[in-house]
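Novice: Residues per chain are reported as follows:
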Amino acid sequence: MLLDPQVVILDEPTTALDVVVQRAILREILEFRGRLGCAVLFITHDLPLLLEVSDRIAIMRDGEIVELAPATKILADPEDAYTRHLLDSFPSLTGERDDLIRPAAPEPAPAGEAAPPGGDR
Amino acid sequence: MSITLEVAGLVKDFRVRGGPRRTRLRAVDHVSFTIPPGRTLGLVGESGSGKSTIARMITGLAEPTAGHVVLRDAAGRPVPRGAHQEHVQMVFQDPFAALNPFHTVEHHLARPLRLHRRARDRVDASRRVLELLDRVALPAEQIVHRRPHELSGGQRQRVAIARALAPGPQVIVADEPVSMLDVSVRLGILRLLARLQREEDLAVLYITHDLATARHFSDDILVLYQGRVVERGPADDVILGPRHPYTRLLAAASPDPRGGRRALDVDPAAVVASGEMGVYDHHTGRWEDHSGRPMT
Ligand SMILES: Nc1ncnc2c1ncn2[C@@H]1O[C@H](COP(=O)(O)OP(=O)(O)O)[C@@H](O)[C@H]1O
Ligand SMILES: [Mg+2]
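Protein sequence lines, in the order shown, are assigned to chains A and B. To convert, take the position in the first sequence, counting from 1, and add 1; that gives my numbering. To convert, take the position in the second sequence, counting from 1, and add 383; that gives my numbering.
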C-alpha cells in the first residue's frame with residue numbers, strides 16, 4: 002500500500018485460496034484499513050465471509066443492487082427475497098443442525114429442490 | 384444390490400522433479416475407511432491434501448502405490464475388479480470440463496446406458512434418458528437435445544449426475560461437486576445428491592474443502608492433512624469439538640457469521656509441529672496411528 006489510498010477495491014481476493022490463507026489475508030486487509038483509515042470495497046460471492054468482515058453489504062443481482070444495509074441487518078432482517086435465498090444457501094458451521102440438505106423426513110422429489118427466485122443459473 | 388466401499392492402507396507416491404534429482408512425493412499416506420450403503424463420508428482438507436488422488440484411486444483412474452480398494456456386496460463378498468466401474472461412479476468439480484461440448488445431453492446419457500447394457504435398444508435408451516433427467520429434476524423434454532453450453536452451471540452438474548447414475552452405481556464419489564457452481568444453486572445440488580442417495584441406498588464419498596456443507600451433508604467426517612488422516616468421527620463431533628490442531632485451525636478459519644465470533648486460538652506453528660500426533664478418532668475416543676492402534 003505505497004500510494005496512501007482513500008479507497009481500496011478488492012475483487013474476489015480470496016476466492017481461490019484455502020480458508021487458512023484467506024483468514025491471514027483478511028487480517029492484513031483489516032489491519033491496513035485501520036492503519037490508513039481508508040475505505041474498503043470488498044467484492045465476493047462469499048456471503049458468510051462478508052458478514053464477518055464488513056460494515057455494510059450491497060447484494061447484487063443481474064447488474065442491480067437489490068439490497069444495501071448494515072451487515073448486522075442483512076443477517077438478522079433481510080428484506081429482499083434474493084438476499085434471503087442467498088443467506089439460506091450457506092448452512093451454518095456451528096449453529097443448529099438444520100435439515101437444509103438432508104431432511105429428517107423424506108421429501109417429495111423435485112418440490113424439495115426449489116429453484117432460486119428467478120431461476121437456476 | 385447394496386455395496387460397501389472399503390479402502391485400506393491406501394498410499395500414493397508421485398515422482399516429482401526436485402532440482403537435479405527426482406524425488407518422491409507421498410500424496411496419500413495410509414488412508415483407510417469404510418462407507419456402508421446409505422451413508423455419507425465427508426473427506427475434508429485443503430487443496431493439495433490428497434483428496435482427489437484418493438478419489439482417482441477409488442474410481443480406478445489411478446493405481447495405488449500400496450493398499451487396496453474393495454467393494455463388498457450385502458453378503459460381504461468382494462466384487463470382481465472388472466465390475467468396479469459399473470458400481471462406482473464419480474461426479475467432478477467442473478461439469479463444463481466433464482461434458483463434451485459437441486454432444487447433446489441425450490448423447491451423454493445414452494452412451495453409458497448402452498455401454499453398461501442398461502438399455503435394450505435405441506427406443507429403450509431414449510426412454511431411459513428421459514427417466515434419468517426426471518430423476519435429477521431437470522425438464523427432460525426441454526433440454527434433452529441441448530448441448531452443455533446451452534445449460535446453466537447447475538443444470539450441467541445435474542446432467543453430470545444423471546450420467547453418473549446411468550450405469551446404476553451403488554457408490555458415488557463426488558469430488559467438490561458444488562465448488563464451481565453459483566452459490567445460489569449449491570444447496571439444490573447437494574439436496575439432489577441426498578435424495579438420490581436415499582432412493583438408491585448409495586454409499587457416498589463427499590469430498591470438499593468446505594466444513595459447513597461437510598457437516599450438514601455427511602454422517603462421518605475424515606480430515607486429511609498432507610495426505611494423512613488427522614481426525615475422524617461423527618460429523619458434529621469433528622466440526623464442533625475438533626481435537627487435532629489442524630482441524631481446529633480449519634474450523635477457526637472458516638466463516639461462521641451466525642456462530643458468533645470465535646477467536647483464532649490456534650497457532651499455525653502448532654499444526655506444523657503436529658506431524659506425528661496421529662489420528663484422533665471420535666468413535667474410539669483416543670489417538671491412534673494410521674492402522675488404528677492406540678498411541679501412547
Ligand atoms: N499426477 C501427479 N503427478 C505429480 N504430483 C501429483 C499428481 N497428482 C497430484 N499430485 C500432487 O499430489 C498432492 C495431492 O494432490 P490432490 O490429490 O489433487 O489434492 P486435493 O484434491 O486435496 O487438492 C499435491 O501435492 C499434488 O501436487
Ligand atoms: Mg482436488
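Please note: incorrect hints may appear among the correct ones.
Unchecked claim - Partial pick of chain B residues on the chain A-facing surface, computed with a CB cut under 10 Å:
id, residue
1, V394
2, L573
3, A577
4, R581
5, D584
6, H599
7, D603
8, I622
9, P640
10, R641
11, G642
12, T667
The hints are simulated quantities; they were obtained by calculation from the structure and are not laboratory data. As the structure is a prediction and not an experimental result, all values here were calculated from the model. Here a beta-carbon is modelled for each residue, glycine too, at the ideal position from N, C-alpha and C.
Novice: Each hint: holds or not?
Specialist: Status of the hints after comparison with the structure:
1. V394: Hint violated; V394(B) Cβ to chain A Cβ min 24 Å, cut 10 Å.
2. L573: 5 Å, holds
3. A577: Constraint on A577(B) satisfied, holds at 5 Å.
4. R581: Nearest chain A Cβ about 6 Å off; hint holds.
5. D584: Violated - the Cβ of D584(B) stays beyond 10 Å from chain A, reaching only about 13 Å at its closest.
6. H599: 4 Å, holds
7. D603: Violated: closest Cβ of chain A sits about 13 Å from D603(B), beyond 10 Å.
8. I622: 7 Å, holds
9. P640: This hint holds: P640(B) lies near chain A, its Cβ roughly 4 Å from the closest one there, short of 10 Å.
10. R641: With a closest approach of 5 Å, the R641(B) hint holds.
11. G642: 4 Å, holds
12. T667: 23 Å, violated
In this structure, the earlier hints numbered 1, 5, 7 and 12 are contradicted, and the remaining ones agree with it.
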